[in-house]
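Assemble the complex: chain Z is given as a structure, and chain C must be docked to it using the hints.
Below are the chains, spelled out letter by letter.
2 protein chains.
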Amino acid sequence: MHEIATLGVETELHRFFAAARLRASDYGDHYVALWDSLDQASRGGKRVRPALVLAAYDGFGGTDRTLSTPVAVSFELLHTAFLIHDDVIDRDLSRRGMANIAGRFTERAIAHGAATGQAEAWAATAAILAGDLALSEAHRALALLPVPAELRGRLLDLLDRAVFVSAAGELADVTNTVSRDPLTIDQVVTTLEHKTAIYSFEAPLQAGAVLAGAPEEAIDALGRFGRLIGVAFQLTDDLLGVFGDPASTGKSVLADLREGKQTALIAHAGATDRWPLIAPFLGKDDLTEAEAELVRGHLRDCGAPDTADALAREYASRAVEALQGPLMPDELRATLTQLALSAVTRQK
Amino acid sequence: MHEIATLGVETELHRFFAAARLRASDYGDHYVALWDSLDQASRGGKRVRPALVLAAYDGFGGTDRTLSTPVAVSFELLHTAFLIHDDVIDRDLSRRGMANIAGRFTERAIAHGAATGQAEAWAATAAILAGDLALSEAHRALALLPVPAELRGRLLDLLDRAVFVSAAGELADVTNTVSRDPLTIDQVVTTLEHKTAIYSFEAPLQAGAVLAGAPEEAIDALGRFGRLIGVAFQLTDDLLGVFGDPASTGKSVLADLREGKQTALIAHAGATDRWPLIAPFLGKDDLTEAEAELVRGHLRDCGAPDTADALAREYASRAVEALQGPLMPDELRATLTQLALSAVTRQK
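Going down the list, the protein sequences come from chains Z and C.
Following this note's numbering, the numbering of the first sequence begins with 28 at its first residue and continues without gaps.
Following this note's numbering, the numbering of the second sequence begins with 28 at its first residue and continues without gaps.
Only chain Z is shown next, with the shape it has when bound in the complex (with noise of 0.2 Å):
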C-alpha cells in the first residue's frame, strides 16, 4: 500500500534528521548521539500511519505532495513519540530486538564511566526528551502546512483528539493492570480502541481525506472504518502474542503472558471454568515454553483463541461495511478492503 508514495516520507524523514544532527551538534556529542538514537527510533517500522493518509488523500484526488508528504510524516512521527514513551513507561531497553533510546544511552552511560544509577537516569533522560521532540514535531509539521486557516485547524483537531485519546487509552492500559479479576471483552477493546486505533488508523485516514477536500460523510465513514480496524489489528496481534509462530511474526510467544497483558484471550477465559488454571501464571516473570505450552492448552479448551480470531474477523468485517456507500473512491475502497483482510489473515 502506497510503497513508492511512501519514499517522499522516507526523504523527508531522512531530511528532518540529517538537519537536526546538524544543528545538535553546536551543544555536544551526546546531543547528536541523541538524535542519532530517535533517528533510529523512527525506522524499521512499516510506515503504516503515512501509507493511511496518503492512501486517503490520494483516493479522494489529492495531487500535491508538499502538503501531503508533512501530514504524513506528522503522524509517523506522533506513534514514534508514543512508541518511545511506551518504552519508557515500560522500562524497556529494546524494541525490535535492538537496543532502543533507553538501552543505547543505558550503553554509552556505562562506556562514559556512569555508575548503575546514573546509566538510568541518563537512559531515562534521553528518552523522554527525545519522545518530546518527536512529539514536538509532529505538531510543527501540521502547524507549518500552507493551507488555508480553518483546513489546518481541522488537521490540527485531529492530532489533538489523537493525543488526548491516545493518553486516555495509556492510562487505562496501566491502570488496568492493578485489577486482579480479568477485564471483560468490552474493556479489552475500548484500551485498544483508545491506545491504537485512533492515531493508528483513524486520525491518519481522516487527515488525508480532510486534505483532499473529501465529503464530511466520507471522513466520517474512514473514521468508523479506522477505529474498526485498528481493533481488529490489535485484536489479532494479542492472538499471535501467544499463538504465532515466532518465526514468521517476529515476536516472543511468552512476553505477553509473562508481562500478564490483559487481552481478549483472556478477558475470554476469565468467564471460564478454566480461569483458576490460567491465571496462576499470568504476570509470571519467569514463565517458561512449557509451562506457556499448558497456559495455550487451557485457553485452546475453553474457546480463547476461537473466540478472539472470531472477534477480530467481526471488526474486520464491520470496517469493511463502512467502506460501502457512493462516497468512497472505488480504489479507496479497494485499498483498504485487502488492508482490513490482511488484518486477520496474517500467520499464525
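No wet-lab data here; the hints were simulated from the structure.
Among the hints, erroneous ones may be present.
Repeated chains share a single entry, so a pair holds when one copy, or any two copies, can fit it.
What the hints assert, rightly or not - Simulated crosslink set (SDA-like; lysine to any residue; CA at most 20 Å straight-line):
{"id": "1", "residue 1": "73", "residue 2": "318"}
{"id": "2", "residue 1": "288", "residue 2": "139"}
{"id": "3", "residue 1": "73", "residue 2": "181"}
{"id": "4", "residue 1": "278", "residue 2": "72"}
{"id": "5", "residue 1": "288", "residue 2": "143"}
Chain C in isolation, oriented as in the chain Z frame:
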C-alpha cells in the same frame, strides 16, 4: 510585572483545563484525575514567561489580547511540560512542597490496591503523559494563532528553538553528573543558558516582540537580554540554594549539596585548594545540616559565594546594557531593568 495582563492568561488556562476535564470524563476517572493533576501542576508558579511575552508585546505597541494571550499560554504550558518531565527524570514525587503528578498517582495507585511496582508504573505513566499533553497544547496554542503564515512561522521557530535547546541543556545537566571532576564555570553557565534561559526568558520576550511587529534589531537585543538575565537568575538561585534563607526562599539549603548539583559555586571551589575538603560531601544523600555548614564554611573561605554573586551581577549588568539603544521602548526598558535588578537583589 504585568500582573493584570496575566489575569487573562489565568482565565484562558482555567478555560482550557475545564474543557479538557469535561472531555476526559468520557474516558474514566483516572483520566480526569490526570487532568486535575496537570491543572494543579500548572499553578503555583509566578507566571514569569507569560509576563515576559506580554511585557514585550505591550512594550512594542501590541494591543490584541486574543493574540498575545495564546502565545503567553503556550510558553507557560511549555514550562509546565518541562517541569513535569524534569521531575520524572529526577524521580521526584513532590514540587513546591506538594505532591507532584507522580506523587499524586502513587497515592492513587496505592488507594486502588496497587503493589509498589504497579504504583511506580502509574506514577511514571501519569507524569509522562501529562507532560506530553501540556507540550502538545503549547504547540497547538501557537499553531491555531490567526496571524499571517510568516508571522506564525516565526513564532513556531521560537518555540522550536526553545524545545530544541532546552532538551540539549537538560541532557547536558544529566550527563554532567558523571564527571568526577568539577565543571568549569563556563560549562556551568552554558548549561544554565541552554536548559533554562532560552525557553524561560529569550523565547517569551522575542515571541511577544515578534507578535507586536518589533524591529529586528530590538528582537535581537531582547534575545541577548533574555539569555543574560536568565543566567543571572539561575546563578542567584544556585547561590540561594546553598546560602539562602529557607524561610524567605521556600527552598531547602541541603538539596543542591545532597544532589551534588554542578553550580558556579562548585565550579569555583573545584579550582581551589579547598576542593578536597568539599568534594567528599557533594552528592552525599544523607548530608546533615552540620556537614552542610562545614561545606558552606569552605565555600566561603575560597570565595565561592562572592564569585557566584559577582558573576550574577555581571550577567545582570550586561543584560541591562543589551537594552540600551533607541529602538527599545522606554517603558519596556524600565520594566526589564527592574527585572534585572530583582535577579540579583533577592533575599539571601
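Verification of the hints:
no.	hint	verdict
1	73 <-> 318	neither (33 Å within a copy, 57 Å between copies)
2	288 <-> 139	between (36 Å within a copy, 19 Å between copies)
3	73 <-> 181	neither (26 Å within a copy, 34 Å between copies)
4	278 <-> 72	within (14 Å within a copy, 46 Å between copies)
5	288 <-> 143	between (29 Å within a copy, 18 Å between copies)
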